[in-house]
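In case you want the letters, here they are:
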Amino acid sequence: EAQVTQNPRYLITVTGKKLTVTCSQNMNHEYMSWYRQDPGLGLRQIYYSMNVEVTDKGDVPEGYKVSRKEKRNFPLILESPSPNQTSLYFCASSMSPGLAGSTGELFFGEGSRLTVL
Amino acid sequence: GIQVEQSPPDLILQEGANSTLRCNFSDSVNNLQWFHQNPWGQLINLFYIPSGTKQNGRLSATTVATERYSLLYISSSQTTDSGVYFCAGGDDKIIFGKGTRLHILP
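Sequences listed follow chains A and B, in order. When the letters of the first sequence are read in order and numbered with this note's numbering, they come out as residues 101 to 217. When the letters of the second sequence are read in order and numbered with this note's numbering, they come out as residues 1024 to 1129.
Please note that the accuracy of each hint is not assured.
[What the hints assert, rightly or not] DSSO-like mimics (lysine-lysine), calculated; alpha carbons at most 27 Å apart, straight line:
#1 B:1116 <-> A:171
#2 A:117 <-> A:169
#3 A:165 <-> B:1116
#4 A:169 <-> A:118
#5 A:118 <-> A:171
#6 A:165 <-> A:117
#7 B:1116 <-> A:169
#8 A:157 <-> B:1121
#9 A:157 <-> B:1116
#10 A:165 <-> B:1077
[Unchecked claim] With the Cβ distance kept under 8 Å, some of the chain A side facing chain B (calculated, not the full set):
#11 145
#12 150
#13 156
#14 188
#15 206
[Stated by the list, open to error] Computed list of chain B residues with no C-beta within reach of chain A, every gap over 12 Å:
#16 1049
#17 1054
#18 1060
#19 1067
#20 1076
#21 1117
#22 1126
To be clear, the hints were calculated from the coordinates, so they are not data collected in a lab. Backbone N, C-alpha and C fix where the C-beta goes; we use that ideal spot for every residue, glycine too.
So that you can see chain A by itself, here it is in the shape it has in the complex (with noise of 0.2 Å):
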């Protein structure tokens, strides 16, 4: 079944334990991006990747880090939580959205519920 599947999907944790939400894809897909959602705010792009080893800024960067070595995984570090980081975390892939031919349709994982405290 065609999926992207993110851990954990609950997490509680306190400011500054540093932790990973992990993402992967089994499309294949050479996009893939992660979003975050707060109430009133609608998602907003944290960082994407158009590719292995190609990542780059969205709209809200501050405070997280990721990395893409491998084609389908896009995990999202979060250095040093802070309240403020509390959030619900989605990622997506698809193709890639710029390529001519391809679709840029995007896929969702089913979110990450984050409380930093």
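Start from chain A and add chain B according to the hints.
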């Protein structure tokens, strides 16, 4: 950067009613698409529609790329249509609107 505006922000309808949701972009966009977020938080891609019209059952969407807007039509709405509808578009940066919250009353 590109701005995405959705209207209306909230909509309450009786079951069986029809509705039209609108998405305006501040500039021309590629990869325009519509999503439904159900009450459990799942984001489902409804339409990938950079231009033209598509239909899927009771839902249809139209994008007029030259005028930078897209419309999502829901006909004969059901309670399972409740949730938040997002439009999004862009190139490498896919930008989302803030959504339309739809509540269908039984």
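Verification of the supplied hints:
1. B:1116 <-> A:171: 18 Å, holds
2. A:117 <-> A:169: Holds, at about 23 Å.
3. A:165 <-> B:1116: OK: residue 165 of chain A and residue 1116 of chain B at ~17 Å, within 27 Å.
4. A:169 <-> A:118: Within the cut-off at roughly 20 Å; holds.
5. A:118 <-> A:171: 24 Å, holds
6. A:165 <-> A:117: Since the Cα atoms of residue 165 of chain A and residue 117 of chain A sit roughly 14 Å apart, the hinted pair holds (cutoff 27 Å).
7. B:1116 <-> A:169: 20 Å, holds
8. A:157 <-> B:1121: Distance ~20 Å between residue 157 of chain A and residue 1121 of chain B Cα, so the pair holds.
9. A:157 <-> B:1116: 9 Å, holds
10. A:165 <-> B:1077: Violated, at roughly 38 Å.
11. 145: 6 Å, holds
12. 150: Interface hint status for residue 150 of chain A: holds (6 Å vs cutoff 8 Å).
13. 156: 7 Å, holds
14. 188: 7 Å, holds
15. 206: Residue 206 of chain A check passes; min Cβ-Cβ to chain B is 6 Å, inside 8 Å.
16. 1049: 15 Å, holds
17. 1054: Answer for residue 1054 of chain B: violated, closest chain A Cβ roughly 3 Å.
18. 1060: 8 Å, violated
19. 1067: At roughly 8 Å from the nearest Cβ of chain A, residue 1067 of chain B sits no farther out than 12 Å, so the non-interface label is violated.
20. 1076: With a cut-off of 12 Å, residue 1076 of chain B remains clear of chain A, as the shortest Cβ separation is near 17 Å.
21. 1117: Nearest chain A Cβ is 6 Å from residue 1117 of chain B, so the label is violated.
22. 1126: 16 Å, holds
Violated hints, in rising order: 10, 17, 18, 19, 21; the structure is consistent with all others.
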